[in-house]
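Kindly produce the complete structure, drawing on both the sequences and the hints.
Spelled out from the first residue to the last, the chains are:
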Amino acid sequence: GDSVTQMEGPVTLSEEAFLTINCTYTATGYPSLFWYVQYPGEGLQLLLKATKADDKGSNKGFEATYRKETTSFHLEKGSVQVSDSAVYFCALSAWGAQKLVFGQGTRLTINP
Amino acid sequence: GAGVSQSPSNKVTEKGKDVELRCDPISGHTALYWYRQSLGQGLEFLIYFQGNSAPDKSGLPSDRFSAERTGGSVSTLTIQRTQQEDSAVYLCASSFPEEQPQHFGDGTRLSIL
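Residue numbers (the numbering used here), protein chains in the order written: chain A, 1 to 112; chain B, 113 to 225.
By construction, these hints were calculated from the structure, which means they are not laboratory data.
Quick caveat, the model's predicted, so the values are computed rather than measured.
Note that beta-carbon positions come from the ideal geometry of N, C-alpha and C, so glycine has one too.
Any given hint might turn out to be false.
[Unchecked claim] A short, non-exhaustive set of chain B residues, derived as facing chain A with CB atoms under 7 angstroms:
1) Leu151
2) Tyr160
3) Gly163
4) Pro167
5) Glu197
6) Phe208
7) Phe216
[To be verified] Result set (SDA-like, lysine to any residue): computed pairs, CA atoms no more than 20 angstroms apart in a straight line:
8) Lys127/B x Lys169/B
9) Lys169/B x Glu69/A
10) Lys49/A x Leu172/B
11) Lys52/A x Val80/A
Below you can see the structure in the form of structure tokens.
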């Protein structure tokens, strides 16, 4: 079945460091790909998405590119801030399906 | 506008009791989803409602779990004869039909003693 694999956390970085959180997926057809974020004490919210190969999603300085050849959707940010501390979830919705399949989540902590 | 509303925010109950969790989706969203977030299993899909269509129940872990959606709006997730492994955060999400993203509520944290 469809699945998403994320790099295991927790990840701890200093402010202004470069961030990469790896995400790979297994799915039939052409899934849509998402990154959701859960800030401390808050609900899940969409960070960015991409719906077809080579699309780049971006928001709040974060970017991820839909790579069909490597079945990946890695999250990157050039300079992280303390306020980026949160749990990040990679997810997919398979072609013709609505439910989301999530990765395990990666807890990110940014130290000042 | 109002987001997805879930109640209660926290629920503590004894093993063997039944519990009901409520979700009020965003107005106009005809698609409604339940997910479960637990330490051992991560975030997993439970059930999906779309309009008057038969729900997709493929994620319900056992027959102790059921859900209904009355009037195409509010949904109730019921867990009968609760077990300790049911302890988790239960998340509800809604969206327009066949559209992403899904908008999530803050969840109900369920603890089974």
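Hint by hint, here is what the structure shows:
For Leu151/B, the suggested interface contact is broken, since its CB lies about 10 angstroms from the closest CB of chain A, more than 7 angstroms. With a cut of 7 angstroms, the hint placing Tyr160/B at the interface with chain A holds, because the nearest CB-to-CB distance is about 5 angstroms. Below 7 angstroms, beta-carbon pairs count as interface contacts, and Gly163/B has none with chain A, the closest being about 12 angstroms; its hint is therefore violated. Contact between Pro167/B and chain A, as hinted, is not supported at the beta carbon level, the nearest pair being about 11 angstroms apart and thus beyond 7 angstroms.
With a cut of 7 angstroms, the hint placing Glu197/B at the interface with chain A is violated, because the nearest CB-to-CB distance is about 18 angstroms. About 11 angstroms separates the beta-carbon of Phe208/B from the nearest beta-carbon of chain A, more than 7 angstroms, and the hint is not met. For Phe216/B, the suggested interface contact is upheld, since its CB lies about 4 angstroms from the closest CB of chain A, less than 7 angstroms. At roughly 24 angstroms between alpha-carbon atoms, Lys127/B and Lys169/B are farther apart than 20 angstroms, so this suggested pair is violated.
For the hint linking Lys169/B to Glu69/A, the alpha-carbon distance of about 32 angstroms lies beyond 20 angstroms, and the restraint is violated. Annotation: proposed proximity of Lys49/A to Leu172/B is violated, straight-line Cα distance about 27 angstroms (limit 20 angstroms). Restraint check: the Cα-Cα separation between Lys52/A and Val80/A comes to about 27 angstroms, which exceeds 20 angstroms; the hinted pair is violated.
Hint check: violations occur at hints 1, 3, 4, 5, 6, 8, 9, 10, 11; the rest are consistent with the structure.
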